[in-house]
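Chain order of the listed sequences is S and L.
The opening position of the first sequence corresponds to residue 1344 in the numbering used here, with each subsequent residue numbered one higher.
The opening position of the second sequence corresponds to residue 14 in the numbering used here, with each subsequent residue numbered one higher.
Wrong hints could be hidden among the right ones.
One side only, chain S facing chain L, incomplete, derived with CB under 7 angstroms [stated by the list, open to error]:
no., residue
1, V1357
2, F1370
3, V1373
4, N1375
5, L1416
Simulated from the structure, these hints should not be mistaken for laboratory data.
Yeah, the Cβ is synthetic: ideal placement off N, Cα and C, and Gly gets one too.
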Amino acid sequence: MIEVLGYFLMGTGVVFDLFGCIGLVRFPDVYNRLQASTKCVTLGTFSIMLGIFLVSGFNATGVKALLCGAFILISSPVAAHALAKGAYKSGVKLWRGSVIDSYGEDTKHESQIDK
Amino acid sequence: MSVLAIPLLLAAFLCLYRIGKGPTAADRMVAIDILGLIVVAICALVALFLDESFFMDITITFALLSFVGSLALAKYLEGRSLDD
């Protein structure tokens, strides 16, 4: 029973990873691509790690998978935040269909939306 | 059950497409970050299906290196030096 749950979690994670990468290709902008792909792929990879832990149990592979999943869950949003800030500071324009640019209004008193 | 790795390979090729095509440098960095996570997932599945626990060591190391590399690239993109 618990193995079936583990394989179900792995399948869900694989589907999330695939959809995140489709979002990485399909969206129009750096920021849209970042928010589409980072959330999906982080949750998908964590779900795969949790499924591996449930299938293999308390041995070396399972405990290392749980450790790696927890590390990914902490570190991936930090990396995505740093990448978004770096992209904004380096002058990448927002997509022309964007409606609000709160970070630009707060820091530079001008918006960076590409008209 | 090793059919689970095939969509992950497809996802890795989609990331490679974005790395090759991406209009700005930031697109390529985002795609490299995501490709690191996909490689971690593939490596973990290989560790489960071959029943070899040392692949899990490679997984942890790759996750750490990908995180540090993404932070360094983001800081470089922002225009600051690495000891700032």
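Hint numbers not upheld by this structure, sorted from lowest to highest
2, 4, 5
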